[in-house]
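Visitor: The listed protein sequences derive, respectively, from chains A and B. First residue of the first sequence: 0, per numbering that gives the first Met the number 0; consecutive thereafter. First residue of the second sequence: 0, per numbering that gives the first Met the number 0; consecutive thereafter.
One or more hints might be untrue.
What the hints assert, rightly or not - No farther apart than 30 Å at their CA atoms in a straight line, the calculated lysine-lysine pairs in the DSS-like style are these:
id, chain 1, residue 1, chain 2, residue 2
1, B, K154, A, K123
2, B, K208, A, K163
3, A, K140, A, K187
4, A, K123, B, K211
Unchecked claim - Listing some non-contacts, in silico: residues in chain A with all C-beta distances to chain B over 10 Å:
id, residue
5, P66
6, S116
7, A121
8, G170
What the hints assert, rightly or not - Some chain A residues flagged as far from chain B (calculated, every beta-carbon gap over 10 Å):
id, residue
9, E99
10, P200
11, E248
By construction, these hints were calculated from the structure, which means they are not laboratory data. Idealized CB from N, CA, C, for every residue including glycine.
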Amino acid sequence: MESNDQGDSADKRGPASFETTSNPIAAATGEPLVIVEDVEKYYGDFHALKNINLTVNKGEVVVVIGPSGSGKSTLCRTINRLETINAGQIRIDGKKLPEEGKALAALRADVGMVFQSFNLFAHKTILENVTLGPTRVRGQKRAEAEEAARALLERVGVGVQADKMPAQLSGGQQQRVAIARALAMKPKVMLFDEPTSALDPEMINEVLDVMVQLASEGMTMVVVTHEMGFARKAADRVVFMSEGEIVEEAEPEEFFTNPKSDRAKDFLSKLLTH
Amino acid sequence: MDVLLNNLDIFVVGFRTTLVLFVWSALFSTVLGLIVGMMRVSPVPVMRGFGTFYVNLVRNTPLTLIFFFFAFGYPKLGLPEFSYTWLAIIALSLYTATYIAEVLRSGFNTVPLGQAEAARAIGLSFVPTMTRVVMPQAFRAVIPPFMSVLIALLKNTTIAAGFSVHEAGAIRAYASERGEPAMIVLLWVAFFFIVLVMILAYIQRRLEKRWKVAR
Ligand SMILES: Nc1ncnc2c1ncn2[C@@H]1O[C@H](COP(=O)(O)OP(=O)(O)O)[C@@H](O)[C@H]1O
Ligand SMILES: [Mg+2]
């Protein structure tokens, strides 16, 4: 019920990004923040990403949807270069993704990532999970970082868990900590790779609510998810991928009610019958 | 007992040298093994390549050959001169480091990949990702095989006896010159080695206990 609360308040105090959901032109007028250009990615002989072009504007929320194995995770991972690309280029806030090294680490600090399997640091407390980045990467003082971390944990509703170990938390709580950990770096854009797929059904909403709120506060987000409710509520655009290609891009309502491509129609029919 | 007491000087010198070889080699090979082990999981292909090359080259060479190289080859290279003891330490360290590197690498592999990815995703570069996130979680899995490598190192120090280093493996030869029965001397040497190994095993158990609680 706390989570419902968050959802509602998100709707009320989400001026900027919520207006854009019904107005794709408004979203398109924002400055481009992530630009993916002619990207090709191979795993050996396997062509995982085929000629991907995608621009995400500041404050925009893009949902990536598509069958398993279509390259959604790969796309997410190339955006902060957890995977290298074979051709094309990716720019974030005007800067081309650097090679391995200090510059790349700095750029990654600006791109928050939330994984399907949470990946909280198993040997650190919840609080330490959130402060590691700010203290090590941003050079913040410990006390300062802890204060900010506690505020963030409070915001995602796990404030009382701050001194526990990750294994002591439920999946939904862990994922909210993972979101707080990413937010602690004050990222320019957040990537979510199926953040609710590993969760028990009753925990999905508590995570989605946090994401909806984040979207309403104007965070730029790329979200791989099959949660249509989230896409309808928070997304400016849906990108449909299949077999390594972007097949279709549309507003959420348009995409779900009136998909253009056969592949999207086929996929949605399967998604609905689940 | 007489054999031991009458030749205590030889035993003391021998085992002292063994400990010197062991401690320095353990130290150097751990540092070098750490560097090579990290190279082997580095995101930079050149580093990975070098790490793999080093491990394959040195680990597949018999230790005696490495000793031969340092005892007879190295002094001819016109590089800074070292005593035989230090040459033995270098040979043992270079050799043992390959095993330590492999122990560490397999230890790193016990840590789920997502841990390192999450660390990189918040902007940690390679070294802090390893030292802050991967290594603390690999530590416990690494202790038993690491200690096995150290025990092997302890025993490998006796090869230095063949290269004019007066360590414990040479005790029998010196005692024989005094007409002591070889069999009994060797039994004593073996006994002290077993004591040393048991000390290492004790340290291992302590470390494992401590890190179990820390989790
Ligand atoms: N590390 C890898 N090595 C080889 N193939 C991979 C690797 N990662 C992903 N793939 C392949 O690339 C394709 C796309 O994977 P992925 O991006 O994970 O898809 P999705 O997230 O849409 O389910 C899949 O066919 C998968 O088997
Ligand atoms: Mg995936």
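Visitor: Verify the proposed pairing of K208 (chain B) with K163 (chain A), using a straight-line Cα cut of 30 Å.
Guide: Holds - the C-alpha atoms of K163 (chain A) and K208 (chain B) are around 22 Å apart, at most 30 Å.
Visitor: Please verify that the nearest CB of chain B lies beyond 10 Å from P66 (chain A)'s CB.
Guide: At roughly 23 Å from the nearest Cβ of chain B, P66 (chain A) sits farther out than 10 Å, so the non-interface label holds.
Visitor: When you look at the beta carbon of E248 (chain A), is every beta carbon of chain B farther off than 10 Å?
Guide: Check passes; 26 Å lies beyond 10 Å.
Visitor: Is K140 (chain A) within 30 Å of K187 (chain A), Cα to Cα?
Guide: holds (22 Å)
Visitor: Given the hint that K154 (chain B) pairs with K123 (chain A), does the C-alpha gap stay at or below 30 Å?
Guide: violated (38 Å)
Visitor: Taking the closest pair, is the beta carbon of S116 (chain A) still more than 10 Å from chain B?
Guide: Violated, because the least Cβ-Cβ distance between S116 (chain A) and chain B comes to about 6 Å, which does not exceed 10 Å.
Visitor: If we take the beta carbon of G170 (chain A), is the closest beta carbon in chain B still more than 10 Å away?
Guide: G170 (chain A) is indeed farther than 10 Å from all Cβ atoms of chain B, at 14 Å.
Visitor: Going by Cβ atoms, does E99 (chain A) stay more than 10 Å from chain B at every point?
Guide: violated (5 Å)
Visitor: Closest CB-CB distance from A121 (chain A) to chain B, is it above 10 Å?
Guide: Nearest chain B Cβ is 6 Å from A121 (chain A), so the label is violated.
Visitor: Measure nothing beyond the straight line between the CA atoms of K123 (chain A) and K211 (chain B); if it is 30 Å or shorter, mark the hint as holding.
Guide: holds (14 Å)
Visitor: Would you check whether the claim that P200 (chain A) is not at the interface survives, using Cβ distances to chain B and the 10 Å cut-off?
Guide: Answer for P200 (chain A): holds, closest chain B Cβ roughly 23 Å.
Hints 1, 6, 7 and 9 from the list above are not met by this structure, while the remaining hints are.
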